[in-house]
Amino acid sequence: MSVQMHIPGVSDLTTQDKSPFALDQWYVAALSSECADKPLARTLLNHPIVMFRDGAGVVHALEDRCCHRSLPLSAGTIEEQGIRCGYHGMLFNGEGRCLEVPGQSTVPPRAKVKNFPVQERDGIVWIWFGYDQQAAPNGDAPSYPVHTSGEYVWGGDAFHYDAPYQLIHDNLLDLSHLGYVHLQTIGGDARVHMNAEMNTTTDGDNVLVVRHMHGVTPPPTYTAAYPFEGKIDRWQEIDFRVSHIRIWTGGVDAGTDDLRDPNRGGFHMRGFHGVTPETETSAHYIWTIATNPKANHEETLKKVMAQTAFTFEEDKVVIENQYQNMIRFGNQPLMSIHVDVGANRARFIMEKLRTIRR
Amino acid sequence: MSVQMHIPGVSDLTTQDKSPFALDQWYVAALSSECADKPLARTLLNHPIVMFRDGAGVVHALEDRCCHRSLPLSAGTIEEQGIRCGYHGMLFNGEGRCLEVPGQSTVPPRAKVKNFPVQERDGIVWIWFGYDQQAAPNGDAPSYPVHTSGEYVWGGDAFHYDAPYQLIHDNLLDLSHLGYVHLQTIGGDARVHMNAEMNTTTDGDNVLVVRHMHGVTPPPTYTAAYPFEGKIDRWQEIDFRVSHIRIWTGGVDAGTDDLRDPNRGGFHMRGFHGVTPETETSAHYIWTIATNPKANHEETLKKVMAQTAFTFEEDKVVIENQYQNMIRFGNQPLMSIHVDVGANRARFIMEKLRTIRR
Amino acid sequence: MSVQMHIPGVSDLTTQDKSPFALDQWYVAALSSECADKPLARTLLNHPIVMFRDGAGVVHALEDRCCHRSLPLSAGTIEEQGIRCGYHGMLFNGEGRCLEVPGQSTVPPRAKVKNFPVQERDGIVWIWFGYDQQAAPNGDAPSYPVHTSGEYVWGGDAFHYDAPYQLIHDNLLDLSHLGYVHLQTIGGDARVHMNAEMNTTTDGDNVLVVRHMHGVTPPPTYTAAYPFEGKIDRWQEIDFRVSHIRIWTGGVDAGTDDLRDPNRGGFHMRGFHGVTPETETSAHYIWTIATNPKANHEETLKKVMAQTAFTFEEDKVVIENQYQNMIRFGNQPLMSIHVDVGANRARFIMEKLRTIRR
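Chains as they are written, first to last, in the numbering used here: chain Y, 1 to 358; chain A, 1 to 358; chain V, 1 to 358.
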């Protein structure tokens with residue numbers, strides 16, 4: 001099968017009936033820890049946005065532009081009641097209403113900036129973008145109990161990609177690349193990864209890819225973080241959900257547990273991967289990694305975080321390189337192989353969701 | 001009032017009847033001190049120009065392109081009689097006439113480059129750009145006796161802005177921003193600046209903004225440079241003149257002098273601000289600052305220069321940030337507030353002067 | 001005479017009947033020494049190409065794009081039989097045929113990438129680009145016995161130019177610039193170079209420029225590398241050949257040998273200058289320099305290599321500067337002088353060869 005990827009800069013993707021992005025979705029805007037005492041500027045789905053946490057601890061998202069002289073509000077300062085512009089001091093609350101024009105007794109009603117629906121849950125700040133910009137979100141942002149259940153230690157970071165979000169989806173839905181790209185961390189023998197048992201199922205807009213590898217050598221990150229006896233059985237469960245992907249991987253001593261049992265023991269890594277378009281040609285990759293150390297919780301988390309960040313930097317190099325090459329060569333057909341099933345289904349879903357509903 | 005700014009990259013500004021710049025004007029090309037033993041390359045109003053001082057001490061401006069193989073003449077060397085190209089050695093005098101083609105006995109009449117009218121006065125090099133490129137300037141370049149009267153010590157520098165000249169005008173004509181942007185130098189309590197007495201008058205193509213602040217705390221630059229007793233009365237006189245702005249600011253011990261009296265005592269800072277478009281989207285900001293030290297002339301000038309340069313670097317960050325945001329958001333209306341009167345009048349004058357006379 | 005140069009970014013050059021480049025030519029792709037144990041990525045005449053030396057020592061050139069997910073093959077690894085993609089491990093041989101899709105039992109026939117004809121001769125890797133992409137090369141790549149005769153020691157390097165190849169031709173065909181640009185190495189008195197005897201002949205698509213300078217002071221590189229007695233007689237023979245230029249320069253003690261005799265003694269520098277377009281606006285300059293040391297072969301070669309590299313860096317600065325200025329000023333006529341005869345003839349030949357044969 002030959003797949004035509006509609007990659008911006010490579011082929012036209014926006015038609016009359018298509019939005020550049022799937023809308024009516026909660027997207028990952030930030031990690032909670034990123035919203036502290038300074039404004040956070042981030043362009044999300046082509047909207048330049050400033051996020052800030054007010055005096056009551058609530059995170060807000062406004063258009064990142066003062067209505068007076070267009071300075072980014074993110075260049076200003078956070079106060080108890082809102083955010084103050086750094087040029088002439090206009091103060092805006094979390095709804096975008098101007099509370100004060102310094103030196104002027106009245107505030108004109110036109111003094112306001114656009115705000116966006118935000119929800120903070122389980123350490124993640126979500127933002128809503130709808131086809132109808134006036135409509136309220138049609139439900140709550142997703143929960144992610146891995147962060148709050150107490151079963152795991154976790155950390156995360158926000159990476160920026162000079163590549164469209166679709167290529168990050170491809171990468172995460174096809175973990176067969178571990179044997180070629182991530183030899184120093186979670187990879188290992190390439191043949192093992194390319195020949196893993198793989199099962200792909202689709203449920204609505206979700207895709208689940210499950211891969212099992214039996215009796216294999218644990219890769220460097222695994223042995224650094226967990227006291228395995230020898231060979232292990234490994235699992236990779238990739239749960240694709242439009243705005244983010246949940247990946248549950250791990251290993252147990254070979255032959256000790258059933259890999260299909262969610263209560264299997266051993267070493268667990270639970271990855272949360274928020275893939276949020278910045279523009280049609282760039283993306284934010286906001287991730288966390290959670291694990292279940294046997295001992296030395298802090299030290300183990302440090303190791304797992306460092307190796308995960310290193311792994312994702314490797315992916316970033318590959319994906320940005322891949323995208324530059326797609327631009328160089330233009331819209332040439334791509335040839336799919338056996339490992340691409342999950343990625344191709346996700347691609348199909350994303351294309352479908354870009355259709356504008358009227 | 002909502003102002004539509006015709007900012008390049010944001011809205012179209014050049015129509016059939018409009019030049020991108022106000023012409024028939026002397027513009028600031030350089031400080032005299034910049035024209036020493038090396039050619040000075042600078043693009044002014046879209047013209048790439050090389051300036052050089054010949055053996056007789058006269059500064060000239062030529063098109064920065066050798067007519068032979070197009071190398072910039074600014075990559076060449078200055079000689080007694082003119083400037084010599086660094087590729088094959090053709091020598092041009094200040095009028096742009098070729099005096100020598102090395103290895104060739106004759107100089108063809110076509111061997112010449114365009115020159116531009118230049119005048120050097122009071123430490124400033126001025127260049128003339130007219131609607132009619134053949135016509136001579138219709139008068140002398142402006143004088144600036146502050147540099148030559150002996151009353152002041154002064155220094156200056158040339159900054160480059162990745163932003164159109166109009167935004168620098170805005171910034172200089174509205175000094176209310178001092179309380180938010182320049183806290184470490186000439187700012188101070190933001191309320192004082194936003195609530196200053198302000199009087200704006202227009203006279204032909206000039207705009208004069210006068211601001212007074214009574215009984216206020218002197219800001220860091222003032223106390224570093226002058227022995228004030230305690231609270232002071234401050235004045236800011238902003239004199240807008242199309243190609244440059246003269247700003248006379250200062251302070252006296254509170255209640256000692258009438259701020260309306262030009263012979264008032266105290267600490268004086270006289271700023272000269274040449275705002276010369278490089279292109280429609282970038283500008284040169286060629287400035288000097290003069291002051292009247294009580295003692296330690298050299299040391300005080302050093303302090304005032306350092307703090308002024310720091311202040312202008314802060315403005316540069318704000319203005320370039322502002323311009324990038326205007327590009328990001330496109331041509332959205334800007335809301336004016338009370339402090340924008342002078343800036344809006346200058347904007348109106350500049351728009352009017354861009355009209356091509358036939 | 002005024003020459004209109006068809007320089008990309010300056011004037012349009014590609015018409016219905018014109019290719020951007022002269023085709024049906026062997027071009028210099030690399031030095032042999034560049035093809036070692038790592039893939040070599042280089043864009044040549046707009047084709048992104050990866051070169052690699054297989055286990056049998058043969059150099060191959062493939063399109064630098066895996067047909068699976070578009071990653072550059074140059075990001076992969078060389079194996080005995082070919083090159084393996086760094087993302088999912090597909091292996092391609094030198095003809096571009098896929099030998100293996102890991103984890104998949106069959107290799108689909110569509111799994112292939114384009115290959116290009118390559119020949120390696122005398123330390124140089126040549127690549128063929130034809131008007132008809134299917135046709136075989138119409139002959140062998142050029143030999144260059146200077147590298148292999150044993151008479152000379154030599155070294156080389158590959159430079160990248162942000163300027164079109166035509167400007168490198170101009171520079172190499174007109175050595176009169178040595179007196180202005182290369183004062184520290186092979187230059188010397190500018191008058192001598194501008195007034196050299198010059199004889200230009202054309203033979204088909206070749207141009208030969210011969211220049212003699214009698215009784216002149218040897219320049220720094222010459223005295224550093226050779227024990228001259230005093231004044232010398234210098235020769236410069238520039239042999240232009242479409243895809244590369246051979247320049248034989250040198251000097252003998254003044255009055256001792258006939259400069260027209262190819263067996264003249266003294267100090268010899270034989271330069272090979274592969275000028276290969278990267279794109280219409282950028283070029284590769286792949287050069288070697290050979291010399292005939294009297295003693296201390298290794299040390300003398302080191303000196304000659306260092307001074308030659310320094311000289312070519314000076315040319316690069318001039319040419320890139322020149323090209324930027326041509327872009328700034330647009331397509332203005334250039335005025336030719338006496339030294340431009342050879343360069344203008346080469347330009348004429350290149351323009352002629354760009355005509356597409358049907």
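Everything labelled a hint here was simulated from the structure, so no lab data went into it.
Among the hints, a few may not be true.
No copy is singled out in the list; a pair is fine if it fits within one copy or between any two copies.
[As the list claims (entries may be wrong)] For lysine to aspartate or glutamate, the following DMTMM-like pairs were computed, each having C-alpha atoms within a straight-line distance of at most 25 Å:
| id | residue 1 | residue 2 |
| --- | --- | --- |
| 1 | K18 | E79 |
| 2 | K38 | D189 |
| 3 | K112 | E320 |
| 4 | K294 | E314 |
| 5 | K302 | E95 |
| 6 | K38 | E314 |
| 7 | K316 | E80 |
| 8 | K303 | E314 |
| 9 | K112 | E100 |
| 10 | K352 | E237 |
| 11 | K114 | E320 |
| 12 | K316 | D24 |
| 13 | K302 | E80 |
| 14 | K302 | E229 |
| 15 | K294 | D37 |
| 16 | K294 | D54 |
| 17 | K38 | D315 |
| 18 | K38 | E320 |
| 19 | K231 | E80 |
| 20 | K231 | E313 |
Keep in mind that this is a model prediction, so the values were computed, not measured.
Taking the hints in turn, this is what the structure says about them:
1. When the C-alpha separation of K18 and E79 is checked against a cutoff of 25 Å, the pair qualifies neither within a copy, at 40 Å, nor between copies, at 45 Å.
2. In this homomeric assembly, K38 and D189 come within 25 Å of each other (Cα to Cα) only across copies, at 22 Å, whereas the closest approach inside a single copy is 45 Å.
3. For the identical chains of this complex, K112 and E320 are inter-copy neighbours only, at 23 Å across copies versus 38 Å inside a copy, given an alpha-carbon limit of 25 Å.
4. In this assembly of identical chains, K294 and E314 lie within 25 Å of each other by CA distance neither inside one copy nor across copies; the values are 28 Å within and 52 Å between.
5. In this assembly of identical chains, the alpha carbons of K302 and E95 never lie at most 25 Å apart, being 38 Å within a copy and 47 Å across copies at closest.
6. For a Cα distance limit of 25 Å, the shortest separation of K38 from E314 across copies, 19 Å, qualifies, whereas the shortest one inside one copy, 30 Å, does not.
7. Within a single copy, K316 and E80 get their C-alpha atoms no closer than 38 Å, and across copies no closer than 29 Å, so neither meets the 25 Å cut-off.
8. In this assembly of identical chains, the alpha carbons of K303 and E314 lie at most 25 Å apart only when taken from the same copy (17 Å versus 41 Å across copies).
9. Within a single copy, K112 and E100 get their C-alpha atoms as close as 11 Å, which meets the 25 Å cut-off; across copies the closest is 61 Å, which misses it.
10. Taking the closest pair of Cα atoms, K352 and E237 come within 25 Å of each other only inside a single copy of the chain (24 Å); across copies the shortest separation is 62 Å, beyond that limit.
11. With identical chains, the CA atoms of K114 and E320 are at most 25 Å apart between copies only, with a shortest distance of 23 Å across copies and 33 Å within one.
12. Proximity of K316 to D24 under the C-alpha cut-off of 25 Å is found in neither arrangement, the shortest distances being 28 Å within a copy and 40 Å between copies.
13. In this homomeric assembly, K302 and E80 never come within 25 Å of each other (Cα to Cα): the closest approach is 34 Å inside a single copy and 40 Å across copies.
14. Proximity of K302 and E229 under a CA criterion of 25 Å is satisfied intra-copy only: 22 Å inside one chain copy versus 57 Å between copies.
15. For the identical chains of this complex, K294 and D37 are neighbours neither inside a copy (35 Å) nor across copies (43 Å), given an alpha-carbon limit of 25 Å.
16. For a Cα distance limit of 25 Å, the shortest separation of K294 from D54 qualifies neither inside one copy, at 38 Å, nor across copies, at 48 Å.
17. Taking CA atoms no more than 25 Å apart as the test, K38 paired with D315 passes between copies only; the shortest distance there is 21 Å, against 30 Å inside one copy.
18. In this assembly of identical chains, K38 and E320 lie within 25 Å of each other by CA distance solely across copies; the values are 21 Å between and 30 Å within a copy.
19. Within a single copy, K231 and E80 get their C-alpha atoms no closer than 56 Å, and across copies no closer than 31 Å, so neither meets the 25 Å cut-off.
20. In this assembly of identical chains, K231 and E313 lie within 25 Å of each other by CA distance neither inside one copy nor across copies; the values are 28 Å within and 57 Å between.
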